[in-house]
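S.K.: Those protein sequence lines, which keep their order, are chains A and B. Under our numbering, residues 182 to 527 are what the first sequence spells out, in order. Under our numbering, residues 182 to 527 are what the second sequence spells out, in order.
Each hint should be verified, as a subset may be incorrect.
Since copy identity is lost for identical chains, a pair holds within one copy or between any two.
Stated by the list, open to error - In the DSS-like style, the derived pairs of lysine-lysine whose C-alpha atoms are separated by at most 25 Å in a straight line are:
id, residue 1, residue 2
1, Lys183, Lys527
2, Lys502, Lys365
3, Lys461, Lys407
4, Lys523, Lys309
5, Lys441, Lys502
6, Lys330, Lys523
7, Lys309, Lys261
8, Lys364, Lys515
9, Lys407, Lys502
10, Lys407, Lys441
11, Lys228, Lys364
12, Lys523, Lys320
In short, the hints are calculated from the structure, not lab data.
There are 2 protein chains.
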Amino acid sequence: MKRANYLPIEWLGDRVRILDQTKLPRQEVYLELSDAQSIASAIKELKVRGAPAIGVIGAYGVALGALGIETRAIAEFHKKLGDVIQTITATRPTARNLFRMLERMEQVADAGSSVDGIKKALVEEAIKIHTEEAEATRKLSEFGAELIKDGFTVLTHCNTGPLATTGYGTALGVIIHAFEQGKKIKVLATETRPLLQGARLTAWELKQAGIPFNLITDSMAGYFMKQGEINGVIVGADRIAGNGDTANKIGTYNLAVLAKEHRIPFYVAAPTTTIDLGLKTGAEIPIEQRSQHEVTHIQGVAIAPTGTSVQNPAFDVTPNKYITAIITEGGIIKPPYGEGIKSICK
Amino acid sequence: MKRANYLPIEWLGDRVRILDQTKLPRQEVYLELSDAQSIASAIKELKVRGAPAIGVIGAYGVALGALGIETRAIAEFHKKLGDVIQTITATRPTARNLFRMLERMEQVADAGSSVDGIKKALVEEAIKIHTEEAEATRKLSEFGAELIKDGFTVLTHCNTGPLATTGYGTALGVIIHAFEQGKKIKVLATETRPLLQGARLTAWELKQAGIPFNLITDSMAGYFMKQGEINGVIVGADRIAGNGDTANKIGTYNLAVLAKEHRIPFYVAAPTTTIDLGLKTGAEIPIEQRSQHEVTHIQGVAIAPTGTSVQNPAFDVTPNKYITAIITEGGIIKPPYGEGIKSICK
Numbered sequence: 182m183k184r185a186n187y188l189p190i191e192w193l194g195d196r197v198r199i200l201d202q203t204k205l206p207r208q209e210v211y212l213e214l215s216d217a218q219s220i221a222s223a224i225k226e227l228k229v230r231g232a233p234a235i236g237v238i239g240a241y242g243v244a245l246g247a248l249g250i251e252t253r254a255i256a257e258f259h260k261k262l263g264d265v266i267q268t269i270t271a272t273r274p275t276a277r278n279l280f281r282m283l284e285r286m287e288q289v290a291d292a293g294s295s296v297d298g299i300k301k302a303l304v305e306e307a308i309k310i311h312t313e314e315a316e317a318t319r320k321l322s323e324f325g326a327e328l329i330k331d332g333f334t335v336l337t338h339c340n341t342g343p344l345a346t347t348g349y350g351t352a353l354g355v356i357i358h359a360f361e362q363g364k365k366i367k368v369l370a371t372e373t374r375p376l377l378q379g380a381r382l383t384a385w386e387l388k389q390a391g392i393p394f395n396l397i398t399d400s401m402a403g404y405f406m407k408q409g410e411i412n413g414v415i416v417g418a419d420r421i422a423g424n425g426d427t428a429n430k431i432g433t434y435n436l437a438v439l440a441k442e443h444r445i446p447f448y449v450a451a452p453t454t455t456i457d458l459g460l461k462t463g464a465e466i467p468i469e470q471r472s473q474h475e476v477t478h479i480q481g482v483a484i485a486p487t488g489t490s491v492q493n494p495a496f497d498v499t500p501n502k503y504i505t506a507i508i509t510e511g512g513i514i515k516p517p518y519g520e521g522i523k524s525i526c527k
Numbered sequence: 182m183k184r185a186n187y188l189p190i191e192w193l194g195d196r197v198r199i200l201d202q203t204k205l206p207r208q209e210v211y212l213e214l215s216d217a218q219s220i221a222s223a224i225k226e227l228k229v230r231g232a233p234a235i236g237v238i239g240a241y242g243v244a245l246g247a248l249g250i251e252t253r254a255i256a257e258f259h260k261k262l263g264d265v266i267q268t269i270t271a272t273r274p275t276a277r278n279l280f281r282m283l284e285r286m287e288q289v290a291d292a293g294s295s296v297d298g299i300k301k302a303l304v305e306e307a308i309k310i311h312t313e314e315a316e317a318t319r320k321l322s323e324f325g326a327e328l329i330k331d332g333f334t335v336l337t338h339c340n341t342g343p344l345a346t347t348g349y350g351t352a353l354g355v356i357i358h359a360f361e362q363g364k365k366i367k368v369l370a371t372e373t374r375p376l377l378q379g380a381r382l383t384a385w386e387l388k389q390a391g392i393p394f395n396l397i398t399d400s401m402a403g404y405f406m407k408q409g410e411i412n413g414v415i416v417g418a419d420r421i422a423g424n425g426d427t428a429n430k431i432g433t434y435n436l437a438v439l440a441k442e443h444r445i446p447f448y449v450a451a452p453t454t455t456i457d458l459g460l461k462t463g464a465e466i467p468i469e470q471r472s473q474h475e476v477t478h479i480q481g482v483a484i485a486p487t488g489t490s491v492q493n494p495a496f497d498v499t500p501n502k503y504i505t506a507i508i509t510e511g512g513i514i515k516p517p518y519g520e521g522i523k524s525i526c527k
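If we strip away everything but chain A, and leave its shape as in the complex, we get:
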């Protein structure tokens, strides 16, 4: 599998270079971030987004935060590192990957005995996390591609390519790999309101990959399913509970219900770092509520009367019964998910 020729996150030794996802597709702007606070802001403002990607950038944020702590007293260092981790933790609540990686970074810090040693170990751990996450998306893309047959038209939602993962992609990685295998694949990409990650980012990545696609509004999914034009739906995930219930970008649940009604397979693709074995069901997944402005304005232009009241949940939860299979780097998990997930995450 080829790696994309753009790097959404790149470690430069004492800083991180990111491709600003809020500016795509109109501009390819790279930013260099050298402290934890700028990384926290980049996560909050969605300059870096996608569950696997924010796990990786969060880890780099901890490493950069650690490098910036000017003390040799280990107790003070730990206290300040705790503040750094807290700052990054407080950015976005739903994606599991961020918390998982912050836990890993914390464990590495706890295991160290000198400030310099811990700093070095944290940088190494962040790089390791980045490498592992990229590798996980390569593997899961290869497993998932088996499910995408020659001639398929696949519907996908939001953005789950290299941009969202820093590696090969989850749902979009699967599609890209199936295409690279020489299968004739077409994609229907939903625009994904409110922030239009499908129109802005997935369309951009599909063009980079040379895969034929049509962009549609989120509201058109049922129309094309009823026409018999969709052979499968594949989406990423922000958090998967122990029973397979999956939080993903708002609108995913609509698609899952529609897919079930039309007997179209509905696949979730995610690295195992997205799985939260601490949660029994999706009801326990915290759902981020974002600003009203994201709905009332599109790229700065008002689309609703001033003062319009809005609800803006950023994610929804798809119950496991709607999911045909969960594609991970450990293999493809089929129902019953509780068992399958445990055996792959052991």
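Once you have looked at the hints, place chain B on chain A.
M.R.: For chain B alone, coordinates are given in the frame of chain A:
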């Protein structure tokens, strides 16, 4: 039932004054149209939209077209009037009301014996159509309000208020009437991509009516249904086949499937002029495919990479099995629809 204090279409004796719906909610711009060609353009460009409203404006377009024909030779007049009707017919293919009203106008023209007499009769018929359509929406709003109970949160799609009907509204008319009855009603209004009639027009009309509402993206409907926050869905219609299958704004079918999955009643509200007894099922309803630009640009701003290929069906068809009831000025029709529709349209 109170009439809205804005008039989307007003007959001024020798011209029509319309509220330009493409400029709302940012500007309330009224336009005066005095010939058939400007009316055809206003319909095509959605300055006037909504199935009942384009039926009414189409009739005025024929009347104005007739007034503009400068001949006293009846054969020549009929030929030129045929061109006028053809121009207006060719604007939009899906809504039944337009064709129904054009048929009525044609019949009136055919029945006349002098050019002056026909001109006078066409103006009178257009005014009669306007009055009857407004009255039909008042009646159906009153019938439908019975279905909206005190305390309900109702989800609606696209725009179906006075703007869309020139009268009291269809789905939104039902909601407004239930609210005026003193019931505590809340509305969830879907923004309705691509052209955002929900965000731009329904939000504006709900504010005018003083009804509490939240605006959501189309992709959020399933989320709120699963939360148990929606007691009913009510939408308008562009064309209803003899068996009750209903064409309406793209995204309606998504909502119907979601409503069924959550056992939430799904109502269609439309005057009987939207019903097309000539069509056995919804499969025969022509679906307008609109420009790619409507999806790739929002209020002039590009949201997708240049050259992105788009599909843009403006309507979808909801099979009758998803519809709990059809609300008309003749009463509420319940399944089986074939029979109920025939008895109300006789």
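S.K.: Now tell me, hint by hint, if it's right for this structure.
M.R.: Hint check results:
1. Taking the shortest Cα distances, Lys183 and Lys527 never come within 25 Å of each other, neither inside one copy (29 Å) nor across copies (66 Å).
2. In the homo-oligomer, the alpha carbons of Lys502 and Lys365 never lie at most 25 Å apart, since the shortest distance is 29 Å inside one protomer and 35 Å across protomers.
3. Only between protomers do Lys461 and Lys407 lie at most 25 Å apart by alpha-carbon distance; the minimum there is 18 Å, versus 34 Å within a single protomer.
4. With identical chains, the CA atoms of Lys523 and Lys309 are at most 25 Å apart within one copy only, with a shortest distance of 24 Å there and 70 Å across copies.
5. Taking the shortest Cα distances, Lys441 and Lys502 sit within 25 Å of each other both inside one copy (9 Å) and across copies (16 Å).
6. With identical chains, the CA atoms of Lys330 and Lys523 are never at most 25 Å apart, being 28 Å at best within one copy and 47 Å at best between copies.
7. For the homomeric pair Lys309 and Lys261, the shortest alpha-carbon distance inside one copy (23 Å) is at most 25 Å, but the shortest distance between copies (78 Å) is not.
8. Within a single copy, Lys364 and Lys515 get their C-alpha atoms as close as 24 Å, which meets the 25 Å cut-off; across copies the closest is 48 Å, which misses it.
9. Taking the shortest alpha-carbon separations for Lys407 and Lys502, both the intra-copy value of 21 Å and the inter-copy value of 14 Å come in at or below 25 Å.
10. For the identical chains of this complex, Lys407 and Lys441 are neighbours both inside a copy (12 Å) and across copies (16 Å), given an alpha-carbon limit of 25 Å.
11. In this assembly of identical chains, Lys228 and Lys364 lie within 25 Å of each other by CA distance neither inside one copy nor across copies; the values are 33 Å within and 45 Å between.
12. For the homomeric pair Lys523 and Lys320, the shortest alpha-carbon distance inside one copy (19 Å) is at most 25 Å, but the shortest distance between copies (59 Å) is not.
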